[in-house]
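Engineer: With chain A fixed as given, assemble chain B onto it according to the hints.
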Amino acid sequence: ETGVTQTPRHLVMGMTNKKSLKCEQHLGHNAMYWYKQSAKKPLELMFVYSLEERVENNSVPSRFSPECPNSSHLFLHLHTLQPEDSALYLCASSRAEGTDTQYFGPGTRLTVL
Amino acid sequence: EDQVTQSPEALRLQEGESSSLNCSYTVSGLRGLFWYRQDPGKGPEFLFTLYSAGEEKEKERLKATLTKKESFLHITAPKPEDSATYLCAVQDATTQGGSEKLVFGKGTKLTVNP
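Each protein sequence line maps, in turn, to chains A and B.
All residue numbers for the first sequence refer to our numbering, where the first residue is 1 and numbers rise by one.
All residue numbers for the second sequence refer to our numbering, where the first residue is 1 and numbers rise by one.
Hint data in this document are derived by calculation from the structure and do not stem from the laboratory.
Cβ coordinates follow ideal geometry from the N, Cα and C atoms, glycine included.
The reader is advised that the hints may include incorrect statements.
Unchecked claim - List of simulated lysine to aspartate or glutamate pairs, DMTMM-like, C-alpha gap at most 20 angstroms:
id, chain 1, residue 1, chain 2, residue 2
1, A, K40, B, D39
2, A, K41, B, E1
3, B, K101, A, E84
4, A, K41, A, E67
5, B, K69, B, E55
6, B, K101, A, D100
7, A, K36, B, E17
8, A, K41, B, E55
9, B, K106, A, E67
10, A, K40, B, E9
11, B, K106, A, D85
12, B, K106, A, E44
13, B, K63, B, E81
14, B, K101, A, E44
15, B, K57, A, D100
16, B, K109, A, E44
17, B, K69, B, E81
18, A, K41, B, E9
19, A, K40, B, E55
To be verified - Beta-carbon label-pair distances, calculated as ranges:
id, chain 1, residue 1, chain 2, residue 2, range
20, B, G16, A, H73, 41 to 47 angstroms
21, B, S20, A, G3, 40 to 46 angstroms
22, A, T2, B, E9, 28 to 34 angstroms
23, A, K18, B, A53, 46 to 52 angstroms
24, A, L51, B, P114, 46 to 52 angstroms
25, B, E1, A, S38, 16 to 22 angstroms
26, B, P8, A, S62, 36 to 42 angstroms
27, A, P61, B, S19, 37 to 43 angstroms
28, A, R63, B, G41, 21 to 27 angstroms
29, A, H26, B, Q14, 35 to 41 angstroms
30, A, T16, B, K59, 28 to 34 angstroms
31, B, T26, A, N58, 16 to 22 angstroms
32, A, E53, B, Q14, 46 to 52 angstroms
The following block holds chain B by itself, in its conformation from the complex:
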């Protein structure tokens, strides 16, 4: 069974204090790993897709990396507006039937204080 574990559950940072969020996964064959950002009371907002170990993607202060067992979301010099819950999800390459099933982790709630 596919599993996704995110750590820590919650993280408090001071503005400008860089850190990383972790997403560990177990999947038969990885088709893709997705990072989303979710603000309170809103739907998840797509950030990145990673397909293979060694791949990296960047967007503003965020950088996502992927290994065979985990992914990291690095946040460099965060600002208060980066405060949100960050969700990780995996898609299994062995899924039958053509459905695009995503398995999500519980998320990491990030708070950046000014």
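With the rest of the complex left out, here is chain A:
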């Protein structure tokens, strides 16, 4: 499935670094999402964008900063992260019409040292 792509696939960063995760969807969808997946925990919704406007922010710390320049691209800017932020970060997209299926990218495995 190449409808949703994410780069990089793996990222190791120190607590003082600044990095960005990128997501691109090729499905013509209007909504995009960031999720965090940690071991032994359910997927946690972080941010939702619909038609490039942020519609939900699930009380995510300010060290995570999303950006959605257009309906095909989504970024997650990271700065001064903590080791507990190490996780698989997943991007998803959907048509944003009623009950609509979300399609996921392969994820970025983030390790914070």
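Structural biologist: Relative to chain A, chain B alone:
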């Protein structure tokens, strides 16, 4: 608060040994229930959406069913390639603002031995 509980946490089957995975949910009003498959180190892959009690959907060896309180994913004569973590998620019909929020369970890790 919407809740999703999946059981068992892990399941080991022999090839050809049929079984079922359970997803129990609590939601104000169900807009949809979703099943995904996730392989290690990869993103979830969409399998099914169920909308109302009594609905069933099938795909190869998988069949998903829905009641008012739970959903089952039946696996008939599984093969080793069916080994994965199966995730269940619900979407609440009372969600405001048009966002398509999904609430996920922790998943069931299925291992099928040859």
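Engineer: All hints, please: hold or fail.
Structural biologist: Outcome of the hint check:
For the suggested pair A/K40 and B/D39, the alpha carbons sit about 15 angstroms apart, so the restraint of at most 20 angstroms is met. Restraint check: the Cα-Cα separation between A/K41 and B/E1 comes to about 17 angstroms, which is no more than 20 angstroms; the hinted pair holds. With a C-alpha separation of about 24 angstroms, the suggested pairing of B/K101 with A/E84 is violated against the 20 angstroms cut-off. Restraint check for A/K41 and A/E67: not satisfied, since their Cα atoms lie roughly 25 angstroms apart, outside the 20 angstroms limit.
Our distance criterion of 20 angstroms between C-alpha atoms is met by B/K69 and B/E55, whose separation comes to about 13 angstroms. The suggested pairing of B/K101 with A/D100 holds, with an alpha-carbon distance near 10 angstroms, which does not exceed 20 angstroms. Pair hint A/K36 plus B/E17 does not hold up; C-alpha atoms about 34 angstroms apart against a cutoff of 20 angstroms. Proximity of A/K41 to B/E55 is assessed by CA-CA distance (about 28 angstroms); at most 20 angstroms being required, the pair is judged violated.
Distance restraint check for B/K106 and A/E67: the Cα-Cα separation of roughly 28 angstroms exceeds the 20 angstroms cut-off, and the hinted pair is therefore not satisfied. Pair hint A/K40 plus B/E9 holds up; C-alpha atoms about 10 angstroms apart against a cutoff of 20 angstroms. For the hint linking B/K106 to A/D85, the alpha-carbon distance of about 18 angstroms falls within 20 angstroms, and the restraint holds. For the hint pairing B/K106 with A/E44, the CA-to-CA distance comes to about 10 angstroms; that is within 20 angstroms, so the pair holds.
For the hint linking B/K63 to B/E81, the alpha-carbon distance of about 16 angstroms falls within 20 angstroms, and the restraint holds. At most 20 angstroms may separate the alpha-carbon atoms for a hinted pair to count; B/K101 and A/E44 meet this at roughly 10 angstroms. For the hint pairing B/K57 with A/D100, the CA-to-CA distance comes to about 16 angstroms; that is within 20 angstroms, so the pair holds. Restraint check for B/K109 and A/E44: the C-alpha separation of about 18 angstroms stays at or below 20 angstroms, so the hint holds.
With a C-alpha separation of about 30 angstroms, the suggested pairing of B/K69 with B/E81 is violated against the 20 angstroms cut-off. Between A/K41 and B/E9 the alpha-carbon distance is near 12 angstroms, which keeps this suggested pair within the 20 angstroms criterion. Distance hint between A/K40 and B/E55 is unfulfilled; the C-alpha atoms sit about 30 angstroms from each other, more than 20 angstroms. In this structure the supplied range 41 to 47 angstroms holds for B/G16 paired with A/H73, their Cβ-Cβ distance being about 45 angstroms.
Look at B/S20 against A/G3: about 30 angstroms separates their beta carbons, and that is not inside 40 to 46 angstroms. As the Cβ distance of A/T2 to B/E9 is approximately 31 angstroms, the hint placing it in 28 to 34 angstroms holds. Take A/K18 and B/A53: their Cβ atoms lie about 49 angstroms apart, and the range 46 to 52 angstroms holds. The supplied range of 46 to 52 angstroms is met by A/L51 and B/P114, whose beta-carbon atoms lie about 48 angstroms from each other.
Checking the proposed 16 to 22 angstroms range against B/E1 and A/S38 shows it holds: the Cβ atoms sit about 20 angstroms from each other. The supplied range of 36 to 42 angstroms is met by B/P8 and A/S62, whose beta-carbon atoms lie about 38 angstroms from each other. The given range of 37 to 43 angstroms is respected by A/P61 and B/S19, whose C-beta atoms sit roughly 40 angstroms from each other. At roughly 25 angstroms, the beta-carbon separation of A/R63 and B/G41 lies within the given 21 to 27 angstroms, and the hint holds.
At roughly 40 angstroms, the beta-carbon separation of A/H26 and B/Q14 lies within the given 35 to 41 angstroms, and the hint holds. Checked against the given bound of 28 to 34 angstroms, the beta carbons of A/T16 and B/K59, roughly 47 angstroms apart, lie outside it. Look at B/T26 against A/N58: about 19 angstroms separates their beta carbons, and that is inside 16 to 22 angstroms. The supplied range of 46 to 52 angstroms is met by A/E53 and B/Q14, whose beta-carbon atoms lie about 51 angstroms from each other.
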